[in-house]
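With numbering that gives the first Met the number 0 applied, the sequence shown corresponds to residues 0 to 392, in that order.
Every clue listed holds true.
Cβ pair distances, simulated, as ranges: (1) Ala259 - Pro142: 14 to 24 Å; (2) Gly158 - Ala211: 21 to 31 Å; (3) Asp356 - Ala197: 46 to 56 Å; (4) Arg314 - Gly95: 12 to 22 Å; (5) Arg38 - Pro204: 18 to 28 Å; (6) Leu322 - Leu63: 26 to 36 Å; (7) Leu59 - Leu390: 17 to 27 Å; (8) Leu231 - Ala203: 31 to 41 Å.
I should point out that these hints are in silico values taken from the structure, not numbers from a laboratory.
Glycine included, each C-beta is placed from N, C-alpha and C at the ideal position.
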Amino acid sequence: MKPRRYAALIVLAAVPLRLALALGTDLSPDEAYYLAAARAPGLLPPLVDHPPLVPLLLRLVDRLTTLPVELRVRLVPLVFSLGLSVATVALARRRGAEASGQNLAAFLSSFALLPVAGGFVATPDGPALLALVLALLWADPAPETAAASLPRRLAVALGLGLVGAAGALAKVVVLPLFPLVVVLAARRRLGERLLALAPLALAAPLLAPSLAFQLRHAYAQQAPSFTLLGALGALAAAALAQVLLWTPWPIFHGARALRASPLADRAVVLLMTALVAGSALARAVPPEPNWYAPSALILVVAFARTGKDLAPRARLAMLLAVLVPTAIAAAHTIHPFLPLPLRADPTARLHGWRTGDGPVDAPGVGPYGAAAERCVYQETCSEINDYFRALNE
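Make a model of the complete structure from these sequences and hints.
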């Protein structure tokens with residue numbers, strides 16, 4: 000078997016796991032919120048706290064009424080997570096990773112805890128991350144691409160720009176990251192850069208309300224009792240979360256290998272590290288772990304480039320450090336068995352809504368979650384519609 004096919008098999012092996020999780024749980028409160036917004040009348044979903052792409056995609060897949068509602072909604076993350084893993088492996092190959100390193104990139108981007116969670120729950124991260132990884136691939140073109148005709152290069156740049164605009168319409172963090180990658184791209188002409196940036200500039204006005212909301216959420220909503228010690232603790236918790244979600248190997252080895260990565264890769268990691276650390280210090284609250292995902296994927300790619308140097312024992316330890324927690328977490332997500340209190344169980348919000356007995360006090364339900372779940376599962380939508388109206392006043 001060709002070495003490249005091993006990476007493809009690893010990526011495909013994660014699909015049944017994600018499908019089982021998608022079918023074995025209720026919609027999360029955020030997913031129900033997006034779906035309720037997607038079903039609301041009007042050309043654009045009635046949201047200012049999130050960009051519109053995910054609800055618009057759910058509006059399309061919601062027409063597949065022969066499928067269970069959970070599968071309809073989760074077709075979106077299933078497709079984007081598969082594409083993201085493929086793109087991550089391609090980026091590792093472009094950055095010089097050998098076959099063993101490409102396999103590591105496939106494994107980590109498919110089976111680490113965060114990719115597994117993002118692979119079956121509909122969030123804005125999938126489209127945003129895929130847009131950024133594709134931009135990084137474009138930023139450092141292969142020799143045959145660099146030698147292509149100018150019209151073809153301009154067409155590719157415009158296509159990338161449309162992808163970047165779509166990514167920003169999913170998550171506003173693309174707004175600073177995508178232009179950074181385009182500006183720092185190697186061996187790209189000015190015309191290519193301008194075409195790649197043009198669609199994003201046109202989409203930016205649509206994102207102004209979401210950007211303002213997310214900036215307040217990330218930097219202005221402090222803990223009830225802000226202290227310097229609490230801020231430092233939040234920063235430490237944010238760093239520890241990345242180590243637990245990805246294992247220490249890609250985080251620490253990837254950070255060391257980052258020095259040999261292209262400037263665009265390093266710039267994204269530095270900017271995201273500053274944004275996440277700034278949020279933790281400003282609010283004394285650990286940012287959501289998925290915020291750092293753009294940097295984490297780049298560290299995975301940098302680590303993959305050094306994968307051939309990983310000792311067999313270290314490789315085995317890393318594989319177990321990924322597979323064992325993921326297997327336990329997946330089993331608990333489908334059939335809860337761990338003795339976790341409700342306030343500490345992130346999977347609690349994925350059960351009970353279908354039967355009208357959802358855990359309204361579970362972490363992540365939020366002020367609108369229960370109302371959105373009732374709209375989806377009990378078709379009682381007056382409360383969430385009132386919330387949408389208040390949000391837009």
